[in-house]
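Using the sequences and the hints given, assemble the complete structure.
Number of protein chains: 2
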Amino acid sequence: AKEIGLLTDEIEIYGQTKAKVRLSLLERLKDQPDGKYVLVAGITPTPLGEGKSTVTIGLVQALTAHLNINSFACLRQPSQGPTFGVKGGAAGGGYAQVIPMEEFNLHLTGDIHAITAANNLLAAAIDARILHENTQSDKALYNRLVPVVNGVREFSAIQLARLRRLGINKTDPGTLTEEEISKFARLDIDPSTITWQRVVDTNDRFLRKITVGQANTEKGFVRQAQFDIAVASEIMAILALTTSLQDMKERLGKMVVANDKKGEPVTAEDLGVTGALAVLMKDAIKPTLMQTLEGTPVFVHAGPFANIAHGNSSVLADKIALKLVGEKGFVVTEAGFGADIGMEKFFNIKCRASGLVPSVVVLVATVRALKMHGGGPNVTAGAPLKKEYTEENLQLVADGCCNLQKQIQITQLFGVPVVVALNVFKTDSPAEVDLVCEIAKQSGAFDAVPCNHWSAGGRGAVKLAQAVEKAANQKNSFKYLYNLELPIVEKIRIIAQKVYGAQDIELSPAAQSQVDRYTRQGFGNLPICMAKTHLSLSHQPERKGVPTGFILPISDVRASIGAGFIYPLVGTVSADKYKRACPEGLKWLEVRCCE
Amino acid sequence: AKEIGLLTDEIEIYGQTKAKVRLSLLERLKDQPDGKYVLVAGITPTPLGEGKSTVTIGLVQALTAHLNINSFACLRQPSQGPTFGVKGGAAGGGYAQVIPMEEFNLHLTGDIHAITAANNLLAAAIDARILHENTQSDKALYNRLVPVVNGVREFSAIQLARLRRLGINKTDPGTLTEEEISKFARLDIDPSTITWQRVVDTNDRFLRKITVGQANTEKGFVRQAQFDIAVASEIMAILALTTSLQDMKERLGKMVVANDKKGEPVTAEDLGVTGALAVLMKDAIKPTLMQTLEGTPVFVHAGPFANIAHGNSSVLADKIALKLVGEKGFVVTEAGFGADIGMEKFFNIKCRASGLVPSVVVLVATVRALKMHGGGPNVTAGAPLKKEYTEENLQLVADGCCNLQKQIQITQLFGVPVVVALNVFKTDSPAEVDLVCEIAKQSGAFDAVPCNHWSAGGRGAVKLAQAVEKAANQKNSFKYLYNLELPIVEKIRIIAQKVYGAQDIELSPAAQSQVDRYTRQGFGNLPICMAKTHLSLSHQPERKGVPTGFILPISDVRASIGAGFIYPLVGTVSADKYKRACPEGLKWLEVRCCE
Chain A
266 AKEIGLLTDE IEIYGQTKAK VRLSLLERLK DQPDGKYVLV AGITPTPLGE GKSTVTIGLV
326 QALTAHLNIN SFACLRQPSQ GPTFGVKGGA AGGGYAQVIP MEEFNLHLTG DIHAITAANN
386 LLAAAIDARI LHENTQSDKA LYNRLVPVVN GVREFSAIQL ARLRRLGINK TDPGTLTEEE
446 ISKFARLDID PSTITWQRVV DTNDRFLRKI TVGQANTEKG FVRQAQFDIA VASEIMAILA
506 LTTSLQDMKE RLGKMVVAND KKGEPVTAED LGVTGALAVL MKDAIKPTLM QTLEGTPVFV
566 HAGPFANIAH GNSSVLADKI ALKLVGEKGF VVTEAGFGAD IGMEKFFNIK CRASGLVPSV
626 VVLVATVRAL KMHGGGPNVT AGAPLKKEYT EENLQLVADG CCNLQKQIQI TQLFGVPVVV
686 ALNVFKTDSP AEVDLVCEIA KQSGAFDAVP CNHWSAGGRG AVKLAQAVEK AANQKNSFKY
746 LYNLELPIVE KIRIIAQKVY GAQDIELSPA AQSQVDRYTR QGFGNLPICM AKTHLSLSHQ
806 PERKGVPTGF ILPISDVRAS IGAGFIYPLV GTVSADKYKR ACPEGLKWLE VRCCE
Chain B
266 AKEIGLLTDE IEIYGQTKAK VRLSLLERLK DQPDGKYVLV AGITPTPLGE GKSTVTIGLV
326 QALTAHLNIN SFACLRQPSQ GPTFGVKGGA AGGGYAQVIP MEEFNLHLTG DIHAITAANN
386 LLAAAIDARI LHENTQSDKA LYNRLVPVVN GVREFSAIQL ARLRRLGINK TDPGTLTEEE
446 ISKFARLDID PSTITWQRVV DTNDRFLRKI TVGQANTEKG FVRQAQFDIA VASEIMAILA
506 LTTSLQDMKE RLGKMVVAND KKGEPVTAED LGVTGALAVL MKDAIKPTLM QTLEGTPVFV
566 HAGPFANIAH GNSSVLADKI ALKLVGEKGF VVTEAGFGAD IGMEKFFNIK CRASGLVPSV
626 VVLVATVRAL KMHGGGPNVT AGAPLKKEYT EENLQLVADG CCNLQKQIQI TQLFGVPVVV
686 ALNVFKTDSP AEVDLVCEIA KQSGAFDAVP CNHWSAGGRG AVKLAQAVEK AANQKNSFKY
746 LYNLELPIVE KIRIIAQKVY GAQDIELSPA AQSQVDRYTR QGFGNLPICM AKTHLSLSHQ
806 PERKGVPTGF ILPISDVRAS IGAGFIYPLV GTVSADKYKR ACPEGLKWLE VRCCE
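Respectively, the protein sequence lines represent chains A and B. Taking our numbering, the leading residue of the first sequence gets 266, the next gets one more, and so forth. Taking our numbering, the leading residue of the second sequence gets 266, the next gets one more, and so forth.
Some hints here could point you the wrong way.
[Said to hold, decoys possible] Here are the simulated BS3-like cross-link-like pairs (lysine-lysine), alpha carbons at most 30 Å apart as the crow flies:
#1 A:K267 - B:K267
#2 A:K706 - A:K651
#3 B:K404 - A:K651
#4 B:K267 - A:K547
#5 A:K474 - A:K404
#6 A:K267 - B:K547
#7 A:K474 - B:K526
#8 B:K706 - B:K691
#9 B:K593 - A:K404
#10 B:K404 - B:K526
[Claimed, not checked] One-sided excerpt, in silico: chain A residues whose CB lies under 8 Å from chain B:
#11 Y279
#12 A388
#13 V544
Keep in mind that the hints were calculated from the coordinates and are not lab data. Even for Gly, the Cβ is constructed at its ideal location relative to N, Cα and C.
Structure below.
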């Protein structure tokens with residue numbers, strides 16, 4: 266912390282190997298110019314993942330420990346659930362790793378636990394409120410909401426704000442008419458529209474679908490519900506996108522949890538819990554500082570899903586890191602899934618929230634994944650790799666490079682230079698490696714270099730670091746892909762056609778009705794966060810390479826109003842399934858039965 | 266931390282106001298004599314509580330800030346659920362408080378979150394295991410439990426231990442017979458006997474009774490279950506009673522979660538998750554250091570319930586604090602509920618686990634509670650107090666002192682000197698205060714003093730501190746109430762008769778059958794942890810004063826084998842209800858609907 270220029274009162278130490286960094290730093294360094302901002306994205310991966318995290322870590326190790334350039338890696342915090350499943354941790358690997366790995370992978374500094382607590386407090390408030398409204402008179406409800414305390418009866422600040430929203434310009438609780446009392450006290454939530462679910466940071470398959478409220482005390486108000494994995498909470502997406510404590514509080518208040526019986530949105534603010542949620546999240550908003558094996562600083566902060574959310578680590582960590590590295594330094598961060606998903610969301614959602622402009626995209630490829638795109642046999646987690654993947658096969662590589670080419674083209678849509686990082690495995694032949702780099706450069710990459718950071722640490726990524734440094738000095742004409750003012754359907758179509766290569770999109774009646782609802786409710790100007798499989802550019806995971814001629818089906822459309830995006834569900838899977846899927850393609854697995 | 270003699274590498278700082286203390290301290294100070302060990306207990310309380318926490322904090326403030334004697338307070342960490350309900354926090358109050366209060370009451374250093382994670386990992390493992398056993402062949406299960414990794418198939422250490430328990434003395438997975446494979450791979454859990462529940466640290470009434478496993482992927486294996494409040498987890502009781510990392514791991518492994526179809530216990534170790542639970546709890550085992558308003562050191566560590574568990578903070582915090590204060594110093598800790606429950610368990614369960622000998626008991630009384638015992642009107646949380654409690658009424662006080670007298674006698678059963686601390690409210694008259702102190706001394710208390718720590722801080726408890734210091738130099742003939750070797754029923758009877766004043770006990774058939782089962786399973790020699798209302802010495806909360814002539818009904822008997830006690834359920838309420846009840850008598854409340 267001292268080496269990177271933090272003052273004593275700007276850090277909060279958590280044990281010997283972790284610290285939280287205070288947001289006051291942003292104020293102190295506000296006149297400091299930002300460093301270069303590098304995004305690590307990937308080609309369409311196999312289910313095993315192609316090593317974006319190790320490239321991110323290897324690259325900063327190379328920059329700082331080998332080229333003596335200030336750098337910072339900004340990573341997502343992994344969910345604890347998959348860590349105990351077959352996925353294992355997400356601290357990188359080999360000699361490109363965040364240490365100590367068990368601190369990184371387990372409780373860290375408690376941010377996911379704080380999200381769980383806040384998420385579940387809100388869930389409990391929803392059901393409790395419905396029960397009370399169903400079983401009490403207007404007057405009883407009102408007395409409970411605005412009790413006499415030490416002989417005095419007063420509205421709280423949050424209640425006064427609600428009165429103003431309802432058009433009731435009164436401040437004395439004694440003066441409301443019966444009609445106003447009813448309006449104030451009843452949220453009139455339609456239980457069938459509740460979208461807010463409880464969460465748990467454990468892979469617990471038996472909580473996928475449950476019935477709640479079966480105790481006698483709940484008077485028969487049973488309801489079907491589910492637990493999502495904690496990182497799928499909208500609060501996680503908010504943590505990743507927020508820019509200050511005040512902004513986070515506002516976003517938490519704006520979260521829509523259901524509709525009322527008239528079809529109007531009901532928010533966390535309506536439930537009166539914004540302050541409680543914010544206090545539970547007051548430490549989580551500070552990024553956690555750790556370091557790599559070679560002593561490079563790392564921020565670990567937020568880990569939203571890359572399907573129903575945007576799959577990127579926090580805006581605040583990036584902003585602070587960009588100040589700390591100085592004008593000539595580098596901040597390297599990672600986007601979930603392939604570039605068609607994680608990078609597109611990084612640009613259109615995260616960069617919009619932060620106002621930051623990326624300098625370079627590093628596109629990670631592997632010979633393995635390219636062979637798969639070239640027609641190689643299926644790659645399955647847990648099963649041994651077929652010989653096509655362990656022996657030289659230049660034809661498969663050449664055929665599969667179409668996917669790499671397409672992902673390079675997607676990057677170019679945003680006007681940012683792209684460097685291809687070929688993550689080399691020991692079974693890759695020199696001819697295969699050369700072929701990939703050759704094709705990448707022909708396809709418009711600024712450069713393409715093989716990396717050996719897994720086995721060699723930063724030393725194995727020095728060439729990549731040099732290429733990235735050069736690319737960062739290129740002309741940069743960054744632009745968003747669409748204007749927010751376009752209709753929701755139009756924004757979806759632009760992503761589908763320009764990024765995925767779809768011929769067109771097709772909305773189900775349910776999706777169309779949701780689009781109409783959100784537009785009517787005033788949420789039409791939000792960016793789009795596509796929930797699509799990451800295993801294909803299309804909606805069909807088995808279609809590798811560069812699928813064409815497909816119509817992208819949109820089965821439903823949901824919204825995270827606090828986080829600030831609309832998320833269309835692509836294909837026939839439900840939102841529930843997306844929220845249970847683990848990042849990087851591994852399924853929401855049952856816990857391992859053995860150690 | 267420096268002032269109390271901690272070395273730099275013995276603390277792990279968590280932000281500016283909290284630190285965890287490493288267990289290595291115990292090794293460094295092992296030859297240091299222990300300080301004096303003071304327990305703060307109470308008379309039978311009103312539902313409002315009588316101020317044991319503020320007395321504990323006021324007393325250490327008086328000892329250290331005013332009498333210049335080393336002291337330490339050891340407190341329980343409160344559940345976050347009730348903090349957001351009507352209960353509020355548990356950091357003490359007024360000028361006898363742990364600061365900062367919001368750190369104390371919310372996430373603290375994450376121990377309860379760690380318990381939640383460990384508890385729910387085990388819960389998920391149980392249901393997943395049953396599902397797999399129901400849907401897979403012996404061979405498929407075995408291949409999953411003992412997979413081929415990089416061409417090699419090996420048993421893990423935990424699996425070898427299981428083989429030994431099963432009497433299979435083989436180490437090569439390839440040599441097991443079909444029968445042995447089946448025996449090894451199948452736990453054969455009887456779902457109707459599962460006692461392990463999921464937990465959440467939120468007051469969420471709709472999770473009191475739920476149905477899990479309703480998604481199609483769970484193939485119809487639905488089951489009724491519930492969420493308990495996190496602090497009711499057996500893992501919390503283990504954290505409070507453990508003496509080392511190794512001991513904790515063993516206790517976690519011994520936890521019984523269900524019976525198999527033959528009626529034999531199934532443990533966490535059988536499920537193979539002991540290592541995962543221990544790693545999740547590796548930081549939680551270290552006590553958290555905070556301080557009072559007057560700079561006295563405080564350990565906050567563990568907060569098990571005082572009904573289904575023993576209601577005392579951790580053995581490890583007490584042990585470390587006793588070394589740190591030195592031979593002439595004082596460690597003051599608190600037992601939940603009235604002395605008949607919390608203190609009895611402190612002596613018979615906690616002191617047995619720790620081997621520590623208490624020096625003095627401070628018995629907290631209030632004029633309010635004594636008036637209630639003397640026949641005063643009902644005291645209800647949330648409702649204004651009747652005038653009997655706000656105006657002088659010597660007769661009610663005198664009549665109610667029978668409860669104080671009885672609690673003093675209970676203390677004397679254990680051979681420890683008792684000092685009565687009268688927690689004075691501003692409505693108490695001098696004559697009332699004098700009367701209580703007079704009767705207390707006549708009833709065998711070593712001393713009885715009024716305290717004003719709430720309004721005056723440590724200065725208001727100086728007389729109490731002086732009395733405690735004198736009492737600590739008295740002859741001390743501490744003894745346990747019963748021998749562990751007695752039959753379970755006999756131990757229950759001794760507590761009921763000698764402590765509660767019952768005429769006898771009466772076991773339901775279900776309770777008797779559980780006693781027989783535990784005795785047969787080899788758990789008969791554990792201490793007893795009575796789950797009884799704290800609002801009366803009897804099982805009937807409305808019976809105040811000193812009830813006599815009652816037969817104590819035992820409706821059921823449960824066990825926490827890892828924590829190491831049998832818990833009989835007194836009266837007609839179910840264990841589930843106990844696990845939802847908040848400590849100190851406030852109900853498992855719905856979250857407040859307003860801020």
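Keeping to a limit of 30 Å between CA atoms, is the pair of A:K474 and A:K404 held or broken? violated, 36 Å
When the nearest CB of chain B is found for A:A388, is that gap smaller than 8 Å? Holds, because the Cβ-Cβ distance from A:A388 to chain B comes to roughly 7 Å (cut-off 8 Å).
Holds or violated: A:K474 and B:K526, Cα atoms, limit 30 Å. Holds, at about 27 Å.
Regarding the hint that A:Y279 lies at the interface with chain B, is the smallest CB-CB distance below 8 Å? Result: holds, 5 Å to nearest chain B Cβ.
Compare the distance between the alpha carbons of B:K267 and A:K547 with 30 Å, and conclude whether the hinted pair is satisfied. holds, 28 Å
B:K404 and A:K651 were given as a pair; does the straight-line alpha-carbon distance stay at or below 30 Å? holds, 25 Å
Check whether the Cα positions of B:K706 and B:K691 lie no farther apart than 30 Å. holds, 23 Å
Run the distance test for A:K267 versus B:K267: straight-line Cα separation, threshold 30 Å. holds, 22 Å
Within a Cα-Cα threshold of 30 Å, do B:K404 and B:K526 meet the stated pairing? The hint holds at about 21 Å.
Restraint check for A:K706 with A:K651, where alpha carbons must lie at most 30 Å apart: holds, 29 Å
Are B:K593 and A:K404 close enough, with their CA atoms no more than 30 Å apart? Judged against 30 Å, a Cα distance of about 60 Å means the pair is violated.
When the nearest CB of chain B is found for A:V544, is that gap smaller than 8 Å? holds, 7 Å
Violation of the numbered hints given earlier is confined to hints 5, 9; the remaining hints are satisfied by the structure.
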